[in-house]
Amino acid sequence: MQDTRYTLTCEIVEHGETLTLAQLCRSCGVHAEWITLLVEHGVLEPVSPNERQWRFAAAHLPRVHTARRLAQDLELNASGIALALELMDEIRTLRGRLAAQEARDEQR
Amino acid sequence: MEYKDYYKILGVDRDADDATIKRAYRKLARKYHPDVSNEDDAAEKFREANEAYEVLKDPEKRAAYDQLGRGGSARQDSAGGFQPPPGWDSNFEFRGGGYTGADAGDFSDFFESLFGRGGFRAAGGRGPGASAGGSMRGQDQTARIALDLEDAFQGGQKMISLRVPETDEHGRVVNRERTVRVNIPKGVRAGQQLRLTGQGMPGLGGGEAGDLYLEIEFRPHPLFRLDDRNLMLELPVAPWEAALGATVKTPTPAGPVDLKIPARSNSGRRLRLKGRGMPGKTPGDLIATLKIVLPEHLDDETRALYERLARESDFNPRKKLGV
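Residue numbers (our numbering), protein chains in the order written: chain A, 1 to 108; chain B, 1001 to 1323.
The hints are simulated quantities; they were obtained by calculation from the structure and are not laboratory data. The beta carbon of each residue, even a glycine, is placed where N, CA and C say it ideally should be. Some hints here could point you the wrong way.
[To be verified] If you anchor each label on the Cβ, the simulated ranges turn out as follows:
1. B/Ala1146 - A/Glu11: 16 to 22 Å
2. A/Gly16 - B/Ala1146: 23 to 29 Å
3. B/Gly1207 - A/Arg55: 22 to 28 Å
4. B/Pro1059 - A/Leu94: 39 to 45 Å
5. A/Glu40 - B/Asp1017: 35 to 41 Å
6. B/Asn1316 - A/Glu90: 42 to 48 Å
7. B/Glu1217 - A/Glu14: 43 to 49 Å
8. B/Pro1059 - A/Thr20: 15 to 21 Å
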């Protein structure tokens, strides 16, 4: 589908920007209990530690979306999600380094 | 319409038991999950595996599907494709509850012609512990996009292709290729996100649409490597430039600039060009790391000069090694 008649403006999600627990739940279509579970397993770290006023870095939003898809599609539990996300981060870093190295080698 | 061999898709025998089918499905789901896999057609393979499992895990659907494939009761349509025989499903009753974890809205025409569209859930209603009912804001969506370094350095318009789930006219969720023109803000960094307000999933019952978040990553650049706001460059210099000092041309994304190399610069020395990195409130620096390189071929004259240097110099670079 082409949707290029007009240009979409976007804003950078700033470093300090946060979401409330309710906003995060709405964004991902999940219950608060599930977010609590992610926090307990260290997948997600609230900016403020007081559970009643939890706020989350807006930059973590894609991580929660990925976590939701992993839970739904692969039936992973919270520790499985935590492990998968850590390994995926590591693979992304290594692939980035490999690609940069290959780009440098090609130059030579 | 094309006949789908669900057993072949999952890689199991036609008489495979439920446990074998489940195991095969889970293996494929892990392998081709679009968040995990790096393969180009991962999303399509993941969708196929889901469709196959949706049928084969359900005893009713599986029995109906098996009957269809047996004894040539299936026939070809005029285009040479597949047509289910009339009344093929008369002995089966498919209930809405048959659809479970998978996103049934995404299945093939073949699936739809056999099992219909019952039980599809509306956008925004899935996920662990999803809530439902009343007017609801649409879910946000996230996607990862790869930019060239120059896109972020200069900012400006960029066409971006995304695969996003959308709700079609029947209220089903389908994956669509969507190309949008986006204004990339100058100085955006890897790992940062861009928010496009109202470009996520549509809302339900008059609720507003969610937002679309684009996570930025950069394609590798042949010259520069990004380190947060700083641009790292390996700058080749001749031995005599390194020894005597020189002013040399250095590439930057904004065009070449002059860089002064101090005398007696070793390989690996880092020189900082302040403010020549990625633009922003606090612009980054360009950090050039010197690398001493020799000419590929030494002509007679150069060789003679090096020979004289070798004869007359008493420099021992290995003094610290005690040799």
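### Message
Taking the Cβ atom of glutamate 1217 of chain B and the Cβ atom of glutamate 14 of chain A, is their distance within the range 43 to 49 Å?
### Response
violated, 19 Å
### Message
The hint says 22 to 28 Å between glycine 1207 of chain B and arginine 55 of chain A; measuring C-beta to C-beta, is that right?
### Response
At roughly 23 Å between Cβ atoms, arginine 55 of chain A and glycine 1207 of chain B fall inside 22 to 28 Å, so the hint holds.
### Cβ distance range 23 to 29 Å for glycine 16 of chain A and alanine 1146 of chain B, holds or violated
Between glycine 16 of chain A and alanine 1146 of chain B, where Cβ atoms are some 26 Å apart, the hint holds.
### Message
Holds or violated: the 39 to 45 Å window for the beta-carbon distance between proline 1059 of chain B and leucine 94 of chain A?
### Response
holds, 44 Å
### Query
Does 15 to 21 Å hold as the CB distance between proline 1059 of chain B and threonine 20 of chain A, or does it fail?
violated, 45 Å
### Query
So does glutamate 40 of chain A sit 35 to 41 Å from aspartate 1017 of chain B, Cβ to Cβ?
holds, 37 Å
### Message
Does the beta carbon distance between alanine 1146 of chain B and glutamate 11 of chain A stay inside 16 to 22 Å, or does it fall outside?
### Response
holds, 20 Å
### CB-CB spacing for glutamate 90 of chain A and asparagine 1316 of chain B relative to the 42 to 48 Å hint
44 Å Cβ-Cβ, so the 42 to 48 Å window holds.
The structure does not agree with the numbered hints 7, 8 stated previously, though it agrees with the rest.
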